[in-house]
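S.K.: Residue numbers (the numbering used here), protein chains in the order written: chain A, 45 to 394; chain B, 94 to 349; chain C, 106 to 411.
These aren't lab readings, by the way, just hints derived from the structure by calculation.
A hint or two may mislead.
Claimed, not checked - FRET-style restraints, in silico, Cβ to Cβ: (1) A:R126 with B:P100: 49 to 57 Å; (2) B:L115 with A:Q64: 43 to 51 Å; (3) C:E289 with B:E121: 53 to 61 Å; (4) A:E335 with B:K266: 28 to 36 Å; (5) A:N331 with C:D292: 26 to 34 Å; (6) B:D145 with C:E181: 53 to 61 Å; (7) C:E289 with A:N331: 17 to 25 Å; (8) A:D90 with B:E121: 32 to 40 Å; (9) C:G297 with A:T391: 52 to 60 Å; (10) A:T391 with B:G249: 22 to 30 Å; (11) A:N331 with C:R199: 21 to 29 Å.
Said to hold, decoys possible - When the alpha-carbon atoms are kept at most 20 Å apart in a straight line, the in silico EDC-like pairs for lysine to aspartate or glutamate are as follows: (12) B:K319 with A:D305; (13) A:K124 with A:E244; (14) B:K244 with A:D305.
Source: prediction; values computed, not measured.
Virtual Cβ for every residue (Gly too), placed ideally from N, Cα, C.
In case you want the letters, here they are:
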Amino acid sequence: MSICVVEHDELHALVQRLIQQGPAMGPRERQQQPGFYYFDWLNSADELVLDYVTTTLPPKKAFFPPREPFLEFSRTDPAKVRSMTDEGPFVLLGVHPCDLAAIEQLDIAYSDNIADGRYLANRARTTAIIGVDCWPDEYCLCTSVGTEQARGSADLFLTPIQRGYLVEVRTPRGQELLGDSAQLPATDQDEADTAQFRREKQRRVTAKFATGVEQFADILAAGGLTEVWQEVADRCYSCGSCSLVCPTCFCFDINDDINLDLTTGARIRTWDSCQLPDFALVAGGHNFRGERWERVRHRWHRKFLYLYTQYGRPFCTGCGRCSRACTADINLVEVSNDLIAYAQRETQNV
Amino acid sequence: MKTQAKPRVAFFDFACCEGCQLEVLSLEEQLLEMIELVDIVTWREAMSEKSDEYDIAFCEGSITREADIERIKHIRETADILVSLGACATIGCHNALKNQFSMDEVLHIVYGDRAEWFDTISARPITAVVPVDYQVNGCPASLPEFVTVFKHILMGKEYKPPNQPVCVECKLKDNLCVYEKGMLCLGPVTRCGCDAICTSYGHACFGCRGLVDDPNLNAAQDVLAKYGLSVEEIVGKFRVYNNWPELSLEESHSDG
Amino acid sequence: MSEDPQIRASKIVETYQPVAAHIVQATKLTDTEILLELRLGNGQSLGHGAGQFVQISMFGVGEAPISVCSSPTQTETFELCVRAAGNVTKALHRLEAGDWVGIRGPYGHGFPVEEMVGKDILIIAGGIGLPPLRPLINLVLENREQYGRLIIVYGARSPQDLLFTDELNLWATCDDVEFHLIVEEPDDKWQGPVGVVTVPLRKIDIEPAKTLVAAAVGPPVMYRFVAFELLQKGLPEDNIYFSLERRMKCGVGKCGHCQLNNLYVCVDGPIFCYSDLQGLEEAVEAWAPPTAEAGGKRREPGKGHG
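Isolated chain A, as found in the complex (with noise of 0.2 Å):
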């Protein structure tokens, strides 16, 4: 890995050669609602915003889109039951620490025992991804997870710094496409700024757990804490909303779509939740988690202790888009503490 510097102009050149190139996916801000971000497309350089709090969906959209055609059938003829052709490459970019880290884990839980061969082939569409620092809002809480600092598979990474961005080179990859661009190397005062960046941006982050990620495990594993489930529950929608904005989240659905002709059609992919009441309903009509206490159980339980158990990190980046999406304002981080405080309270009782 090396080092260097991109001035403002030369970075925007940079993205401007990349989108010209093909397609690139990239935060941009909604033009109905400014001040609020979304990953899409890019036309230009002027559309790509490096400096947003966070977007609505994370960009996992890009390689697991939230409604995949993935097969084309007929019903009359089994030749033409065959797999949906991909699109080319593309790039993605802007990409925070906390989406970064999460694109690694869909990565894994995709590649293990059994893997994802759809996942897999679009993901390697993304032929480049550049990451970049920002500063946290009220609901980040990467520092809790280790995230603050995760680069994934970045092939570049960008920090804000006075004359431009310091450039971590992470990949040949990454080489390749700074290209021509003026490389510049990094003074004391870039590498100043860049330590000041990273030590704000650690103090800016203020929803913390009261424990760490290990001991939140076992305090879990242990159980016990259905009054704490049962009360969340009672104020929580089931709209599925926090794993749909999820970046980790990788359940998903599987439906036909007939075309009018009722002979030919697709199957789709679409993104569910476990947070949805028919979600574990079996054909025989028994609901495996009826109830909506288990369904909040099983959301944390599967960030914080299986998917934990099972990679050795929970599979929760700290992005906060699940508590900027309950509009019943469910707090990822109130609730884990709320969980925590019942635990030991009822460990001092025993």
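Take the given structure of chain A and dock chains B and C to it, following the hints.
M.R.: Positioned in the frame of chain A, the structure of chains B and C alone reads:
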């Protein structure tokens, strides 16, 4: 499907604005594809021919008079498949707002000293009077769901209205949440299937597709109250579309 | 992901792409169950183990997970017993010989057939629980000398709901099969016992240490009662295998629908050892039954995971 075996389709309406049928007409090219598969034999809003023999009946509107009951029963007996089309037929919609008053009062408000010329009963959806085989929700009827139901009928498949809130479809479209814009939205408790059309065009959800099976009204009241709405205002917001069966919002609120 | 995307993509198997399979024979077993015999269009054998399942596609309707119910040693074709429950399974009931469907799989973790050699085998089937156990029964019957006793307990709602009646008659007349049949709602002609599977189970004498149990008995509460009876007999938890039902959608441990705590039923199951389900609050089949307080084995749901 062979041409002579095409199922015959009829459209009917009861108390409504006939907007659902207009919405179906707006399918245009898709409608042309559909009439490759079925013969439309009765549709007052769209054609002058009519027939009393049909296999599939799409019925819009609510039942508001004794005579309507007889008519919908006749349609039910004639058709193999009966579909409630839109909110009036499926959940009662605005029509059922009148059920808060006595029917006498309603007649006098509307018809004044001619009230005795008319008869009326409490408004109810078709689904409350006869069993229906398929439902299309929405005000107007949601077109994606109408087309889905149409395909399900022809393929002999059951259609279960999605038991998920509008939030799901709204999120999948990467919309900014209506609440972020400071608007109040019934999306979290309203059944999806509309492809989140209102919120995608910058409006809030008014709940026209009815509530999901197990809505957390406790949460809804907490959230709406947080935005400064009184209990009456919250009930009013729900009542625009959801009046049948009678909502028990006041009761559940007094608990919390 | 620095590898050339073209190369990488070409290496990737199409995880969710079914292969065509043709219906060799479709036999109506009851009002609600049909038996389909299928042959893969690519000429290959399905290669399943006892207890595994496939995802069967009716294109335009969807996919459904169905246990393979033919013996693993039958390789030319395989069989699926389908109960009409949802749109897909109802569409499967309309199939005739010569029609085609899509097949993915086999998926999941089946019975530990190696471990079962030399043991007494107790099979407990309730209703639609018989099909997933049938490959195991057939395997034992085909290699009868390798096993000890073969005890089969099968319960159905009514005589009309009995599956594989020819085979039931065969088991009933075989000298080396101890067969117990029971129905809940007898008709006029029924002469056998009336009740649920735990009734005959209670009367069966077993040698706990050398008996292995395979059970699939319908609703979760029935599993609990069966477990209670078995544990009362002193059977070690390690010797009990349950075939569990969950909403298997992807079949490869990704889509999340079939999760049971930290386990994916489609990959880690559907056959589970009872002892591996202990402490999992979502393994409702392995909760102690309501009457078990006397046995002192009740666990509080919600405490502990695995």
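S.K.: Against this structure, judge whether each hint is valid.
M.R.: How the hints compare with the structure:
1. A:R126 with B:P100: 49 to 57 Å: Hint violated: Cβ distance 32 Å, outside 49 to 57 Å.
2. B:L115 with A:Q64: 43 to 51 Å: Holds, at about 46 Å.
3. C:E289 with B:E121: 53 to 61 Å: 56 Å, holds
4. A:E335 with B:K266: 28 to 36 Å: 29 Å, holds
5. A:N331 with C:D292: 26 to 34 Å: 32 Å, holds
6. B:D145 with C:E181: 53 to 61 Å: 55 Å, holds
7. C:E289 with A:N331: 17 to 25 Å: 24 Å, holds
8. A:D90 with B:E121: 32 to 40 Å: 38 Å, holds
9. C:G297 with A:T391: 52 to 60 Å: 56 Å, holds
10. A:T391 with B:G249: 22 to 30 Å: Roughly 58 Å apart at Cβ, these two residues miss the hinted range, so it is violated.
11. A:N331 with C:R199: 21 to 29 Å: For A:N331 and C:R199 the Cβ distance comes to about 28 Å; the hint holds.
12. B:K319 with A:D305: 49 Å, violated
13. A:K124 with A:E244: Cα-Cα ~57 Å, so violated.
14. B:K244 with A:D305: Judged against 20 Å, a Cα distance of about 9 Å means the pair holds.
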